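**Student:** Listed here are the chains, written in short residue letters.
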Amino acid sequence: MRRVLRWFPVFLCLAISACSLSHSPSSTANKIIINRGSDTMVNLALAWAEAYAGVQPSVSISVSGGGSGTGITALTDKTIQIANASRAMKQEEIETAQANGVDPKEFTVAGDAIAVIVHPDNPVDHLTLQQVSDIFSGKINNWDGVGGENRPIVRVSRETNSGTHVFFLESVIRLGRKDDKSIFSADTLLLPSSEGITSEVGQNRNAIGYDGLGYITPAVKMLTLAADPAGPYVGPSKETALDGTYPIARDLYMYTDGEPTGWVKEYLDWILSAEGQAIVAKLGFVPIV
Amino acid sequence: MVKRRKLFESVIQFLIRLCGYSAVLFVAAIFIFLLQAGLPALFETSPASLFGQRWYPIENMFGLLPLIYGSFIVTIGAAVISIPFGIATAVFIAEVAPRWMREVLKPFVEILAGLPSVVLGFLGFLVLAPLIRTTLNLPTGLTAFTGSILLAAMALPTIVSVAEDALDSVPKSYRDGALALGATKWQTIWRVTLPAARSGVLTAVMLGIGRAIGETMAVMMVTGNAPQIRWDGLFFPARTMTATIAAEMGEVPGGSTHYHMLFLVAILLFLISFLVNIIASSMLFRAKKRAERMLS
Chain A
415 MRRVLRWFPV FLCLAISACS LSHSPSSTAN KIIINRGSDT MVNLALAWAE AYAGVQPSVS
475 ISVSGGGSGT GITALTDKTI QIANASRAMK QEEIETAQAN GVDPKEFTVA GDAIAVIVHP
535 DNPVDHLTLQ QVSDIFSGKI NNWDGVGGEN RPIVRVSRET NSGTHVFFLE SVIRLGRKDD
595 KSIFSADTLL LPSSEGITSE VGQNRNAIGY DGLGYITPAV KMLTLAADPA GPYVGPSKET
655 ALDGTYPIAR DLYMYTDGEP TGWVKEYLDW ILSAEGQAIV AKLGFVPIV
Chain B
218 MVKRRKLFES VIQFLIRLCG YSAVLFVAAI FIFLLQAGLP ALFETSPASL FGQRWYPIEN
278 MFGLLPLIYG SFIVTIGAAV ISIPFGIATA VFIAEVAPRW MREVLKPFVE ILAGLPSVVL
338 GFLGFLVLAP LIRTTLNLPT GLTAFTGSIL LAAMALPTIV SVAEDALDSV PKSYRDGALA
398 LGATKWQTIW RVTLPAARSG VLTAVMLGIG RAIGETMAVM MVTGNAPQIR WDGLFFPART
458 MTATIAAEMG EVPGGSTHYH MLFLVAILLF LISFLVNIIA SSMLFRAKKR AERMLS
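In order, the protein sequences belong to chains A and B. This note's numbering numbers the first residue of the first sequence as 415 and each following residue consecutively. This note's numbering numbers the first residue of the second sequence as 218 and each following residue consecutively.
One chain only, chain A, in its complex shape (with noise of 0.2 Å):
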């Protein structure tokens, strides 16, 4: 029996790649829009399924996370239609997907504010970028470093797989300087979710972790943050990110293969519509119109 229930996992893989294999090209028989990729933006992007229903009842649409990456790699496999990106894509990303035939197609479909958050009963509420960025690179390690108390600073990501991670570590770690090599310091948390960052920055004294906006919950407090140490520090919001006071603020994609045609453009059109953005801000995201 044992012997049998090793074994299953291998025919559970099998059955599993036979579907997926005859899975793809069905996408032309009906209106079906297979959407993919960012975690922050998963969310959102079922918020928008779910109200297109009503919209255009003959187009199903499937939503479903795993990370920017994971999307952007579906999409070069033409396993999807849309992906889901809080990144835009790599260069060799690119040159990937059109050496797989795939021409990927950027539409800027939100705007999205990332909020630095610690414990609420940290009394530390402000800090710089620069501080930010030695705090996560692992150049401060006490938070007596940035005028709180003398207590080890815990760092918690998200994994690097995260369209988040990526755009923290190149315009906050790095801030934006091509040349810079710094990255995560060794001991920082990577977590698997959102969720688990803001519970353990919810729950942990010592901990700093950063997020997309519609993810914060009140379990945490968002610090104010500043390019320039002389201020002003401002904090992260859906008014601070439009006008672009707030320093980390950012778009996110949707990709398709080509320009879209058929329903997968008219979803995209209406996605881009008064309707479709109203969605954005309601999810704590920010509209781009």
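Wrong hints could be hidden among the right ones.
Said to hold, decoys possible - Facing chain A, a subset of chain B residues (Cβ under 10 Å, in silico): (1) SER227; (2) GLN230; (3) ALA245; (4) LEU359; (5) ILE446; (6) GLU465.
The hints are simulated quantities; they were obtained by calculation from the structure and are not laboratory data. A quick note: this is a predicted structure, and the numbers were derived from the prediction, not measured. No residue lacks a Cβ here, since even glycine has one placed at the ideal position from N, Cα and C.
Keeping the supplied structure of chain A fixed, place chain B upon it in accordance with the hints.
**Tutor:** For chain B alone, coordinates are given in the frame of chain A:
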């Protein structure tokens, strides 16, 4: 009629033989696939990178040592907790507990084995990790130690159930003999029953450890996944090989260096669990031979 039965017999025999061979075939096929996908990594990265202290695929840093260290320390921690506890539980169930208690305890231990690891991981993240942080006064509760405790909980049912079977199959005459010579109950258990069931108990331990090495979900949720090597690593975050594969396999473009590296990690895991299994079965084999010798 007889001919037909013979034909039927040979068809069945053939099918059964096929099932038997297919197990070997699958292992071989998986290993060949792993080698094919993983070995290119050795040529695409320098040995300096492979033996580096840092695993950070975004910057093409593929140091395997922190991952091996992470798996090692979490597994050792789990073994240290689960082996004494598991064997003691097995001894209690097999030797000490009255019949009715035994009939309650054994199924319950086996239910524990059926708990999905995600559920355990979730409990570990929400309950165990904060508890460990506050009681041990650590910077964070997401540590290798937390993972060890969860893995111990997962390995326990295997160890208890297999070890209990082994203890149970020790002939009653051994115990009677020991008791008749004036040994106490404890002396009988420690000097007679346990040594007699030694091979089965060792198998139990090996199977339990094998389960611990390969476990992924629970570990990924509670160990913090920070790839680092430090002497007091048990009480700090660690990243295991399994968690690395699970967390990163979804995003890698097929055929990239990172992809090959993850398969190289998988080869390492495969070899380790293969080794554990071989050790376990060779122990069983040796014990059987010894028993045969004693009988003749």
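**Student:** Each of the hints needs a verdict: does it hold here or not?
**Tutor:** Evaluated hints:
For B:SER227, the interface hint is violated, since its Cβ never comes within 10 Å of a Cβ in chain A; the closest pair sits about 24 Å apart. Taking 10 Å as the C-beta cut-off, the interface hint given for B:GLN230 is violated, the closest approach to chain A being about 19 Å. Interface hint at B:ALA245: violated, since its Cβ lies 12 Å from the closest Cβ of chain A, which is beyond the 10 Å cut-off. Satisfaction of the interface hint for B:LEU359 is found here, the shortest Cβ-Cβ separation to chain A being roughly 6 Å, below the 10 Å cut-off.
Hint status for B:ILE446 relative to chain A: holds, with the closest Cβ pair at about 9 Å, below 10 Å. Because the closest C-beta pair between B:GLU465 and chain A is about 6 Å apart, less than 10 Å, the hint holds.
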